[in-house]
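Engineer: Listed in order, the protein sequences are those of chains A and B. When you number the first sequence by the working numbering, it's gap-free, plus one each residue, and the end is 717. When you number the second sequence by the working numbering, it's gap-free, plus one each residue, and the end is 717.
Derived from the structure by calculation, the hints contain no laboratory data. Some hints could be false.
Where chains are identical, the list cannot tell them apart; a pair therefore holds if satisfied intra-copy or between any two copies.
[To be verified] Derived pair list, reagent style BS3-like, types lysine-lysine, alpha-carbon separation capped at 25 Å:
| hint | residue 1 | residue 2 |
| --- | --- | --- |
| 1 | K597 | K706 |
| 2 | K335 | K714 |
| 3 | K426 | K706 |
| 4 | K335 | K426 |
| 5 | K528 | K562 |
There are 2 protein chains.
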Amino acid sequence: MSIQLNINNAGLRAHELEFVRPQVEAAFKTVTEKSGAGHEMLGWLDLPETYDREEFARIKAAAKRIQAQSKVLVAIGIGGSYLGARAGLEFVKGPFGNQLGEKGVEVYFAGSNLSSDYLQNIFDVIGERDFSVNVISKSGTTTEPAVAFRFFKEKLEAKYGKEGSKERIYVTTDAKKGALRGLAVAEGYETFVVPDNIGGRFSCLSAVGLLPMAAGGMDIDQVMQGCADACKAYANPDLMSNDAMKYAATRFIMLMKGKKVEILASYEPSLTMFGEWYKQLMAESEGKDNKGIFPVSANFTTDLHSIGQFIQDGSRMLFETVLWVKNAKHELKVPHDPANVDGLNFASGVPVAEINEKAMKGTLLAHVDGGTPNLLITIDRLDDYGFGELCYFFWKSLAISGYMIGVNPFNQPGVEAYKKNMFALLGKPGYEDAKGALEERLKSLS
Amino acid sequence: MSIQLNINNAGLRAHELEFVRPQVEAAFKTVTEKSGAGHEMLGWLDLPETYDREEFARIKAAAKRIQAQSKVLVAIGIGGSYLGARAGLEFVKGPFGNQLGEKGVEVYFAGSNLSSDYLQNIFDVIGERDFSVNVISKSGTTTEPAVAFRFFKEKLEAKYGKEGSKERIYVTTDAKKGALRGLAVAEGYETFVVPDNIGGRFSCLSAVGLLPMAAGGMDIDQVMQGCADACKAYANPDLMSNDAMKYAATRFIMLMKGKKVEILASYEPSLTMFGEWYKQLMAESEGKDNKGIFPVSANFTTDLHSIGQFIQDGSRMLFETVLWVKNAKHELKVPHDPANVDGLNFASGVPVAEINEKAMKGTLLAHVDGGTPNLLITIDRLDDYGFGELCYFFWKSLAISGYMIGVNPFNQPGVEAYKKNMFALLGKPGYEDAKGALEERLKSLS
Numbered sequence: 272m273s274i275q276l277n278i279n280n281a282g283l284r285a286h287e288l289e290f291v292r293p294q295v296e297a298a299f300k301t302v303t304e305k306s307g308a309g310h311e312m313l314g315w316l317d318l319p320e321t322y323d324r325e326e327f328a329r330i331k332a333a334a335k336r337i338q339a340q341s342k343v344l345v346a347i348g349i350g351g352s353y354l355g356a357r358a359g360l361e362f363v364k365g366p367f368g369n370q371l372g373e374k375g376v377e378v379y380f381a382g383s384n385l386s387s388d389y390l391q392n393i394f395d396v397i398g399e400r401d402f403s404v405n406v407i408s409k410s411g412t413t414t415e416p417a418v419a420f421r422f423f424k425e426k427l428e429a430k431y432g433k434e435g436s437k438e439r440i441y442v443t444t445d446a447k448k449g450a451l452r453g454l455a456v457a458e459g460y461e462t463f464v465v466p467d468n469i470g471g472r473f474s475c476l477s478a479v480g481l482l483p484m485a486a487g488g489m490d491i492d493q494v495m496q497g498c499a500d501a502c503k504a505y506a507n508p509d510l511m512s513n514d515a516m517k518y519a520a521t522r523f524i525m526l527m528k529g530k531k532v533e534i535l536a537s538y539e540p541s542l543t544m545f546g547e548w549y550k551q552l553m554a555e556s557e558g559k560d561n562k563g564i565f566p567v568s569a570n571f572t573t574d575l576h577s578i579g580q581f582i583q584d585g586s587r588m589l590f591e592t593v594l595w596v597k598n599a600k601h602e603l604k605v606p607h608d609p610a611n612v613d614g615l616n617f618a619s620g621v622p623v624a625e626i627n628e629k630a631m632k633g634t635l636l637a638h639v640d641g642g643t644p645n646l647l648i649t650i651d652r653l654d655d656y657g658f659g660e661l662c663y664f665f666w667k668s669l670a671i672s673g674y675m676i677g678v679n680p681f682n683q684p685g686v687e688a689y690k691k692n693m694f695a696l697l698g699k700p701g702y703e704d705a706k707g708a709l710e711e712r713l714k715s716l717s
Numbered sequence: 272m273s274i275q276l277n278i279n280n281a282g283l284r285a286h287e288l289e290f291v292r293p294q295v296e297a298a299f300k301t302v303t304e305k306s307g308a309g310h311e312m313l314g315w316l317d318l319p320e321t322y323d324r325e326e327f328a329r330i331k332a333a334a335k336r337i338q339a340q341s342k343v344l345v346a347i348g349i350g351g352s353y354l355g356a357r358a359g360l361e362f363v364k365g366p367f368g369n370q371l372g373e374k375g376v377e378v379y380f381a382g383s384n385l386s387s388d389y390l391q392n393i394f395d396v397i398g399e400r401d402f403s404v405n406v407i408s409k410s411g412t413t414t415e416p417a418v419a420f421r422f423f424k425e426k427l428e429a430k431y432g433k434e435g436s437k438e439r440i441y442v443t444t445d446a447k448k449g450a451l452r453g454l455a456v457a458e459g460y461e462t463f464v465v466p467d468n469i470g471g472r473f474s475c476l477s478a479v480g481l482l483p484m485a486a487g488g489m490d491i492d493q494v495m496q497g498c499a500d501a502c503k504a505y506a507n508p509d510l511m512s513n514d515a516m517k518y519a520a521t522r523f524i525m526l527m528k529g530k531k532v533e534i535l536a537s538y539e540p541s542l543t544m545f546g547e548w549y550k551q552l553m554a555e556s557e558g559k560d561n562k563g564i565f566p567v568s569a570n571f572t573t574d575l576h577s578i579g580q581f582i583q584d585g586s587r588m589l590f591e592t593v594l595w596v597k598n599a600k601h602e603l604k605v606p607h608d609p610a611n612v613d614g615l616n617f618a619s620g621v622p623v624a625e626i627n628e629k630a631m632k633g634t635l636l637a638h639v640d641g642g643t644p645n646l647l648i649t650i651d652r653l654d655d656y657g658f659g660e661l662c663y664f665f666w667k668s669l670a671i672s673g674y675m676i677g678v679n680p681f682n683q684p685g686v687e688a689y690k691k692n693m694f695a696l697l698g699k700p701g702y703e704d705a706k707g708a709l710e711e712r713l714k715s716l717s
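So that you can see chain A by itself, here it is in the shape it has in the complex:
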């Protein structure tokens, strides 16, 4: 275990954690006893023990086959079928992983938006190179991935023929039913399972996330080991020695004090997509029934020259959770300049990572002084193991804090609203009734 939580700068009075202990412990029990709303979606809770070893071996074999047959994997999915794998790959390989070509294939993501320019960009980036496709969708009918898959299937068949393309299409979908399952069986594509009892935002360590991560060169044994260790550590029912509980409790206290926006701030661009993953997990789990802490992510020191001013001195409704990585991968020391033009010689020879650390610590104190409470999560390094650990930490903590505010942390009914309107406007069969009224309202836009 490498995750550490420090809440000494959250501004809590001595009794505050103790006073919410009954609430946190009740929520913890609701999770572990699977007695709360949405409990049928708690498959992630003991995932490291229960996951399908046979499928896991097939994922690793498929990843090797993709690496042998292609330069590029196009992972087609949206929401939880997109964010986890991308967050993991950038966590480990950095934001330029695809350009540096260190290990694994290049992985590009499609089907997570409806921009034709973006889609064309992905076509152009692939160019004439060999590619494979992993289409990830529980139902196979979600619009964004379905549209993208039509294009890529057509391209694969044009390039490799109907038969050849079958070797290059990997399907992650429902175990038994659904459009994509049916197609995969009919065509003989290799398939993997989107579990029934794990929601999208908790699914990145199922086949949903594991196949693109493995194809991109991640060590998914290590990922699962990190997840397993976190699973053990956060099974501890004692608030004071379980950081996942303590993080949930502290977030709850922040919310009670009117801090309705949480900023997850990191000091590594490699964590940008992890911030996006965190935003989905938090927003979809808590943001319902007109409740919830609104999740935001930031990348420091970059964003200290952007939203930093607001965090320091703007409207006081924020708290900050810093995700700090203790060990940088590369040691680079500030070069010495005899002329000292920039006045920086006081830092000559100092590792850049050490300056980053002083920036983090100085910023933390400055923001606390400005009235933005701080929570600090420290991890050892950006590696496969750490990614698995951290996912579980946030899942468990979030499940607890969702129950604390009295919502079902495992559904996302609000995501349907835009889809229904879009289907009606597009004339999808079954949605005809709503179309006229929507079009009438859209006159307000012209």
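With chain A's structure known, arrange chain B on it following the hints.
Structural biologist: Chain B in isolation, oriented as in the chain A frame:
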């Protein structure tokens, strides 16, 4: 002019705009008469008329020289010396502009963080290729760019020799004083000016942003034309026919209603960095004296499967400003599938851009129904002209809304707080007194 603002779905009652008219007009006058706090930083107000034509020609010539001598330009800067150029390049070239190599050199940004892993990534991406550097810093002593410049200067000199490197270093700094000005004069680097009367977040259409944009292949004549047209359009003092005023007025009304978070949502990944630029502009201008609307950006439909749930049904403190691009660059029509496996044949042959539009319109109505008011900004297309226009629209609007809430929109005193602590912790001369007390407080982190 191609920008259109539609506030019909902001939920305003008929009298509301009229009732804030005196406040908006007063703020507008404070801007145009340069009578308010920070008025000495209003150099951007008539920039399209007053900019230095001789320098502009030199910027274009330098961009051509960079394109002839290098494959890569490293632009070194932070905050306003980083975000504008990057936002512009992605606005026009898309998120994969560097990989597609369509026009101009590849532009990578450094000196906007203190991550040694990121820095090493940039070194690796450049590899053995020819590169030039544009270092952008008013003082030349800001830590992040100063650290990065030491590394790249050393690398240039190692690769091209002391003399050769002089041809590849372009300096954008204060016109007369400062460390970087001194160095540039001593070494004979070509220099460009960071204007005295334009703050960082308003500087992207000065040399600060124009040189990287031009080197990366943008048509900066068109950028300035868009800016000039917007400058004329938004000089109109009538609230009802000036969209920049109307946007400021509507944001003010939203804030008065308790909507303290604004989400700038686009439907094009090419606008991701524009969202980052907007966040700096808003947060640094308004986020002070414990005031301000907290700015957030989102990319739809991607983030409809992330923060979408919260926008639809979470804590009701949000309003949404959609930045919609009317014309996609690429027309791609949904392929037909005779088997209709995914049930998507109702959309066969429909341009993806049209589905995107239906998604936007359906989402807009769904979010309004959920209690998130909507503002809609429409632009024609993602081109150089549109970028120039849009920057001016937001500058002008923000200046007005800053004065409406009673802050100086043009300073950012809060950005100094973290720097002071960081300098003290690093032992920078002049900051010795603060060090002991900070280190004492940092014991709370161990």
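Engineer: Now, for every hint given, state plainly whether the structure supports it.
Structural biologist: Consistency of the hints with the structure:
1. K597 <-> K706: Cα proximity of K597 and K706: across copies only (22 Å, versus 54 Å in one copy).
2. K335 <-> K714: neither (53 Å within a copy, 48 Å between copies)
3. K426 <-> K706: neither (33 Å within a copy, 61 Å between copies)
4. K335 <-> K426: So K335 and K426 pass the 25 Å test inside one copy only (22 Å; across, 38 Å).
5. K528 <-> K562: Both. Shortest intra-copy (14 Å) and inter-copy (18 Å) distances satisfy the 25 Å Cα cut-off.
Checked against the numbered hints given earlier, this structure breaks hints 2 and 3; the rest are met.
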